[in-house]
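Chain by chain, the residues:
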Amino acid sequence: MKYYAYIAIERKEAILDPQGKAVEHALSSLGFREIENTRIGKLVRLAITASSPEAARAIAESASEKLLANPIMETYSVLEISDEPVLHAAEWEING
Amino acid sequence: MRTRIIVFPGSNCDHDAMHAVRNVLGERDTEFVWHKADSIGQDVDLVILPGGFSYGDYLRTGAIARFSPVMKAVIHFANEGGTVLGICNGFQVLCESGLLPGVLIRNESLKFACKEVHLTVERTDTRFTNSFEKEAVIRIPIAHGEGNFIASDEVIADLEQNGQILFRYCDANGNITHSANPNGSRNNIAGIINAEGNVMGLMPHPERACEALLGSADGLNVFESLRDFFDTIPATQTERFTTVAL
Chain F
8 MKYYAYIAIE RKEAILDPQG KAVEHALSSL GFREIENTRI GKLVRLAITA SSPEAARAIA
68 ESASEKLLAN PIMETYSVLE ISDEPVLHAA EWEING
Chain R
336 MRTRIIVFPG SNCDHDAMHA VRNVLGERDT EFVWHKADSI GQDVDLVILP GGFSYGDYLR
396 TGAIARFSPV MKAVIHFANE GGTVLGICNG FQVLCESGLL PGVLIRNESL KFACKEVHLT
456 VERTDTRFTN SFEKEAVIRI PIAHGEGNFI ASDEVIADLE QNGQILFRYC DANGNITHSA
516 NPNGSRNNIA GIINAEGNVM GLMPHPERAC EALLGSADGL NVFESLRDFF DTIPATQTER
576 FTTVAL
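Residue numbers (this note's numbering), protein chains in the order written: chain F, 8 to 103; chain R, 336 to 581.
Think of the hints as simulated: they come from the structure by calculation, not from any bench. All values derive from a computational prediction rather than experimental measurement. Errors might be hidden in some of the hints.
To be verified - Straight-line alpha carbon distances no greater than 30 Å define the calculated BS3-like cross-link-like pairs of lysine-lysine that follow: (1) R/450 with F/28; (2) F/73 with R/371; (3) F/19 with F/49.
Pulled out of the complex, with its shape left as it was, chain R reads as follows (with noise of 0.2 Å):
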């Protein structure tokens, strides 16, 4: 799986990224590119946003990343089928740049939060979700202070009917309730893809979440799918990018 980690300036959990899919998945062909860059490469299989405070979050969060010269190409890349993940402040440029409807605003609590929370999985037959077991509750840690997702009402409802909420908050019985939502998010919605079914954003962080000795490890499941998922499909990108639908 040849994964290329975009480093904005502020960016602040690409190292983290970097160790879950290098030295925790292993896989080898995990390289960082730097938001000036005008190309990610050839041949690649997965692009991730990490979380952090691009630009400082000036303007809007994720608003001024997403005029990033490299964003040019992760976009281009996204809109040919490309797989691109957006974790935290990844989740809110992918939604500024319009690869993911939406926004992200302040918690309604107005404050940062900073815990472990539990998400239900609402699918499992996306390349994003394949490793989970079905209805699985697991246990991942949030960090952010704009994490509440809104969006029209027929956003919403397009999302709830096309299946495109694969995450949300819940309690640790997996019930979703008010008092299980750190953020306000509408329909405590934690991550959602694109209908393509090929870009996913999230506020929680999976990849600091993949080793039983930092309390959980539910977070790799998110990194082994699509590892699963490009072990398990045709080899060229064409291939790739024209015969696998979710």
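Extracted from the complex, chain F is given alone in its bound form (with noise of 0.2 Å):
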């Protein structure tokens, strides 16, 4: 059975974002003003052949902690396994 795998892989806080950076000073100059802390990571979309869902995930953490995200500066988490190549966000629950 094949799976996608959505990861997103984010700076560390305390990481310089030059691109989150520019971005908010395009935000703001356009009137954003209540918008600040800009990041701007990579979202990565893997197919991978397994036998359940739990497996694909487990490739897809084993991935990520081999090549795809460094430790020392950045985190990732696996956000979604689905049997289509289409990220799902509008349907997670958003709390508070």
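Join the two chains into one complex using the hints; note that each chain is given alone, in its own frame.
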């Protein structure tokens, strides 16, 4: 069975994020004064052949640890394991 | 001195390193090794990971080159005590591969820095720096967008305490100041050595400063240091690796 893993990779808070800073300045000059601490990371999609979503998640975790993220400066989270190449973020429960 | 220079797709200082070692230093047994090789060959003294933009700096600088087939042999060589020099992108590859601590991130200025800088030589009792004069201030070019060395407070403290910092950015008089730091590196770090003393990484390019005609020959001291080191130690690899500490 083929699964699609979506992985978000973010720089740690202490690490400079020049892209985030530049975008934040642009947003501010557009009038978005209420936006701050803009950070830009990476979204990686992997197509994984595995026996179950849990097995696919384990492979995605392992790939993230070995290559996709550098733990000195980044954190990662496997956002979603899906059976179609679509991120279902809109269906996620938003807390608060 | 049998030297092997690893060539990754996107390396662009491999020929500079070859010119410095083979033509300027005069060590003829210097060859390139393509990254797909699964061996670096026999009885190698020195492996150089050259500067450039391996794999287009995709994902993170050095992150993909670190998994090139030849890196298995390079990591094995280093772990057995073999001498490895990583310059610029080579330094980034060494950090990604775990042979050196820390990581190199985007310059604080957000700009690619391409200029001559001054460096202090912090130690002259290592195989990479024995030809420098004590407390020398040298002039060598840098050319990088991601040379900002960071590591956890504990790692930085260890590097300081163990004397693993070999080069720091300074002004022309040797003062280690913030304004002389071209990329924001912690403690003005330009180059470090591993705890065992056989692996060095630095962001500046010594291979581009080996002839007075090019503005500075200060970088040649790194290669002369290595040659002198290999000239004055026991002949067999085993003895080399077991009898020489730094």
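Exercise for review: Check each numbered hint from earlier against the structure, then list the numbers of those it violates in ascending order.
Suggested key: none
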